[in-house]
Amino acid sequence: MSEALKLVNVSKHYKDFSLKQVNLSLPTGCIMGFIGENGAGKTTTIKLILDLIKRDEGSISVLGKDNLTGLKSMKENIGVVMEDCFFPENLTAENVSRILRGIYSTWNEDRFNFYLGQFSISAKKPIKDYSKGMKMKLSIAAALSHDSKLLILDEPTNGLDPVIRDEILDVFLEFIQDESHSIFISSHIISDLEKVCDYISFIHKGSIVFSESKDELLDSYGILKCSEKDLHSIDSKVVIGYRKNHFGVEALVLKNMIRGNFLVERTSIEEIMLFYTNRSKEKQLEFKQ
Amino acid sequence: MKGLILKDFYNLTKQYKIILVLVIFYLLVSVSSEDTNFFGGVVSILMVMQVITTLSYDEKSNWDRYALTMPISRSDLVLSKYILGGILLAVAFAVNFIFRIVAGSGQPMEALIVSVATTGVGLFFMFLILPVLFKFGAEKGRYMMMLIFFIPTGFLLLMSRMGLTLPEAFMRLLPTFSVLFLILAGIISVNASLAIYKRKEM
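Line order of the protein sequences matches chains X and C.
For the first sequence, position 192 (counting from the first letter as 1) is numbered 192 according to the numbering used here, and the numbering increases by one without interruption.
Going from the second sequence to the numbering used here is simple: count from 1 and add 1000.
Just chain X, same shape as in the assembly (with noise of 0.2 angstroms):
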């Protein structure tokens, strides 16, 4: 199976923050959902892959090629959405199509178009009197009318309502339907994630804690209730972190490997990072003491 993304031991080092040996492959033809707090590194990874910032160490490769010698020309083949990168203000749909038509050699105005109808964005209002969802969406649709095999979306339903989130998603889905079509998407919405990913990702101050199929991932993670004392008798290996509550703990645990009589309880993926980020902090600290 190909690849339409695979970073291989990647870093990059400043001085407050490092991105550690990142590894991640995406088969083509799949959605990967990239999940993390805000400055776990996802940004960063990003733009690493896009050749924005330079790597220290590692290699990318994009829909086959390494990132850095054959990325301009294998750009006509990647869409792009990100939270805080634009058109400047004063441009308008209509100017936007012109210009991507000198900058794309493969820029299909017609489709554009159709999805400027679709998310109802007049061609001519000027970009500054836009609405953040709006943005997002003129991004998307250029992002969709040129020769992409790959969209690499940054956030793209951060800070938008249900609806337009759900109509996004929705587009994104279409686009799949190719099986030469791969989505790599970032976002701290994971339930817009559980919805399409094939894959999820899991960064966490600049490491990768997992990168496996969501479908694994719900069957061998679960949600243990029991005692406190139970829990103690549990493998400390299984118990990925676990927190306090009225009636006793919950603790996030490796389903398949529980032996004994124990409820457990199928989890989600918000759960799984939850438990991941913070409830493990209160586990090491308390294993140790």
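Honestly, the hints are just simulated from the structure, not real lab data.
Nothing here was measured: the structure is a model prediction, and the numbers come from that model.
Treat each hint with caution, since some may be false.
Unchecked claim - Below, simulated DSS-like cross-link-like pairs (lysine-lysine); rule was C-alpha separation at most 25 angstroms, straight line: (1) C:Lys1060 / X:Lys132; (2) C:Lys1198 / X:Lys128; (3) X:Lys244 / X:Lys225.
Go by the hints and put chain C onto chain X.
Relative to the frame of chain X, chain C by itself:
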């Protein structure tokens, strides 16, 4: 490249009314004070200022970062600003030349020489400020620019205060020197901008 320049022109169309008013204002000042040199200089500098305006619009929307996700290289982004400046200065040149023919002595040769000279000054300022703007960004760059403008002005002022004049022989060769100097400045400026921009983390 075509797309980039088109983008800047679309962005500037919002400004053209203000520019037009300014041009007409300076035209009237120039005519009423019978100082035709003044107008040419103002138009050239005004055009160079437009390049800075487009840069600050780009900065505001993080356009460069976005553009680099498209089939555009870093050098395309740098060169497009020089080309834009060149086009705008060519317009300034045409305006200035026509103005001199109509309002000046009416001699085409003299009009041509003076227009070329003012355009050259505009070009020189553009070569001077673009690397600074690429390095520090349009907002910080504006202040750096003031500083840069003061250095040659201050130098000339100092020279005239001290009663220094340039030797006759030098003055005769000045046109040739200026052209060579401008070409050299252009080469250095473009290369410096490219080098600065290549290393920039977006």
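Verification of the hints:
| no. | hint | result |
| --- | --- | --- |
| 1 | C:Lys1060 / X:Lys132 | holds (15 angstroms) |
| 2 | C:Lys1198 / X:Lys128 | violated (30 angstroms) |
| 3 | X:Lys244 / X:Lys225 | holds (10 angstroms) |
Comparing the model with each earlier hint shows a violation of hint 2 alone; every other hint is respected.
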